[in-house]
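S.K.: Generate coordinates for the entire structure from the input sequences, incorporating the hints supplied.
Order-wise, the sequence lines are chains U and C. Once you know that position 68 of the first sequence is 67 in numbering that gives the first Met the number 0, the rest is easy, because the numbers rise by one and skip nothing. Once you know that position 168 of the second sequence is 167 in numbering that gives the first Met the number 0, the rest is easy, because the numbers rise by one and skip nothing.
Watch out, some of these pointers could steer you wrong.
Unchecked claim - Derived DSBU-like pairs (lysine-lysine); straight-line CA-CA distance at most 30 angstroms:
#1 U:K223 x U:K78
#2 C:K86 x C:K75
#3 U:K26 x C:K75
#4 C:K407 x U:K78
As the list claims (entries may be wrong) - A few chain U residues that face chain C, going by a derived Cβ cut-off under 8 angstroms, partial list only:
#5 T89
#6 L113
#7 P209
#8 Q213
These aren't lab readings, by the way, just hints derived from the structure by calculation. Using N, Cα and C, we set each Cβ at its ideal position, and we do this for glycine too.
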Amino acid sequence: MTQSAGTIQVRVRDVTKTFRRGSEQLKVLDQLSVDILEGQFLGLMGPSGSGKTTLLNLIAGLDTPDSGSIEVAGAEISKMSESELASWRTRNIGFVFQFYHLLPVLSAFDNVELPLLLLPMSAAQRRQQVLTALQIVGLEDRMLHRPGQLSGGQQQRVGIARAIVTDPAVIVADEPTGDLDAKSANEILDLLVELKSSLKKTILMVTHDPRAAQRTDSILFLDKGRLVTEMPAFSSK
Amino acid sequence: MKYFGLVFRNLSRNILRTLLTAFGTMILVFVVTLVWSVLAFLDQATQARSEKIKAVVTERWTIPSRMPYAYANLLKDGAAREAGEVKPIDYMSWTFYGGTTDAKGQDPTKFLFAIGMEPEKIPTMLDDLDQGSLSAADFALLMEGVEKLKKTRNGIILGKDRLNAQEKKIGDRIKITSVNYRGIDLEFEIVGTFPAGRYDSSAIYRIDYFNAAMEAYPQTHAGVAHPSAGRTLNLVWLMVPDSAAFNKVADQITRSPNFSNPSVKVETSSSSIAVFLEAYRDLLWGARWILSPSILLTLSLIISNAIAISVRERESEFAVMKVLGFRPNQLLVLVILEALIVGVTAGFISSGGTYFLVNKVAGGIPFPIAFFSKFLIPNGALWWGPVVGGLTALAGSLAPALSARSVKVANVFSKVNG
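M.R.: Shown next, in the form of structure tokens:
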């Protein structure tokens, strides 16, 4: 378990997760404990199968642990039902995907607005929040474009706008620069750092890219479902 | 409303697939509409009525029914002889006369089958020709022909299809070389036509014109009567107020000694039609219980296939929507709504289009069975289409919708991210 100062935004205690592959039982996380502070930009690294994405999914409320507890923004999510998790996720988690996963039939505006459809808001309120999110990522002039009309970097910006439009407590990013060229990747990382600095967002990012990891505050290394070490990122800031 | 917007956007994702599914739905709903229209019409015709019942008197043991014309005068009073016996409120008598206007007899389109009856009974005894059933214009058209027929002994009223087949118009004359009364060839003057619809293929002439020709036959045939003389009356229709009156009239006629050679039977028009349709029983059963369900099942499978492909293509999108907080049932409803919109819309266009095309443009489905030459699409068909389309869409989309509902978020991402 890590020891840190400041408000703990995410608290993971003795979490174990096992998956079944055919007749085989795979223990992906093994009694893992970790604390993430509010406003911290944390990188998750490790070899394939180390449990990074699984930890991300558990913290994001996309799955539940077999044992242990997970507390995010004051809510004990490890015991919530699927329905409760869905509702909680909308308000508290912003998810950035490696492959953007924008709905191709919707414009950038509509894609960003999608999570807001689940909240009790007027159309005017939704519009205002979407415009704000698009302005933060610098794409307000492309809001009527469909994903097919945007570059990879622009699509990821839309993905980030969608992730922040509900003003969530935590942003989880699963290899957000994995499908981008170096220039676009840097722009996305700049944006994430900006979100952390100016909006005080807690960001948890899974990455294989050391350059991306360098932009974080600290890095957690996982191997075989266990926390190997946590270290500050080598940053040039 | 935004949710519905997402439904429509998803349908536009693959326009070709959506249109092909809709088109397939429209074709099958069209077939179902035609089949159900015929079945509904026959069901209605065979359904016993409770008031203003039409009874039909026919020869008991022989088909076709051929009775002496002298029966007509006795039957129109329901064979009532004593006080307290019931008389029908209206009647008509029929003599069938068929032949060709093609002198060489080689053109089948020139064949004409006509019903001889009392002209004043046309608007009162024939179905759907009364003033309440027709528009003012149609009733005026009909009555113009009826009044002329009353004044023209050799007049004939032809339906639209008969006029076209004979290539004649009102005012023209035709000469029919008879096939069922050989030697009695009659010349007619076309005095009117029927309103478009059920009677397009019908032809009606004056029964007394035929009777006069039958009586005059010996004068040109060495005093020998026509072989069919005395057996020219095919049907007598009687209108009675209710089923109790029908039972009494039927009893009066059956007990009367005047109808013993040949003997007659009395039945309601609906039961006589049912007896006539007995020969088609298997065909109609097959249409109702095999053909129709098969079509509905095929329709469900078409929609199911299209929706299943669409759901498979969008598996990761559904996973993303779950990540964003959409409930599984919201995804289920999304998929079902997509299917319903296609099914209901295509169904409505199909049945509505069928109604318009068959009833207003074509004037009915040609299906010569019993005494019906054409069938019309009932008003109920306007809701058959959307209901059939909707229900089959619902049934067909259920499995794909459940699949969308149960997309595992974690499983999808592990496949995508490796």
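S.K.: Going straight from one Cα to the other, do K26 of chain U and K75 of chain C come out at no more than 30 angstroms?
M.R.: This hinted pair is violated, its Cα atoms lying about 96 angstroms apart.
S.K.: At a threshold of 8 angstroms, is the proposed contact between P209 of chain U and chain C supported by beta-carbon distances?
M.R.: It is violated, given that the least Cβ distance between P209 of chain U and chain C is near 18 angstroms, above 8 angstroms.
S.K.: Are T89 of chain U and chain C close enough, Cβ to Cβ, to be under 8 angstroms, as the hint says?
M.R.: 3 angstroms, holds
S.K.: Is K223 of chain U within 30 angstroms of K78 of chain U, Cα to Cα?
M.R.: This hinted pair holds, its Cα atoms lying about 25 angstroms apart.
S.K.: Is the interface hint for L113 of chain U satisfied, with its Cβ closer than 8 angstroms to some Cβ of chain C?
M.R.: Because about 6 angstroms separates L113 of chain U from the closest Cβ in chain C, which is inside the 8 angstroms limit, the hint holds.
S.K.: Holds or violated: K407 of chain C with K78 of chain U, Cα cutoff 30 angstroms?
M.R.: 18 angstroms, holds
S.K.: Holds or violated: is there a CB of chain C closer than 8 angstroms to the CB of Q213 of chain U?
M.R.: 22 angstroms, violated
S.K.: Within a Cα-Cα threshold of 30 angstroms, do K86 of chain C and K75 of chain C meet the stated pairing?
M.R.: Between K86 of chain C and K75 of chain C the Cα gap is close to 8 angstroms, so the pair holds against 30 angstroms.
The earlier numbered hints that this structure contradicts are 3, 7, 8.
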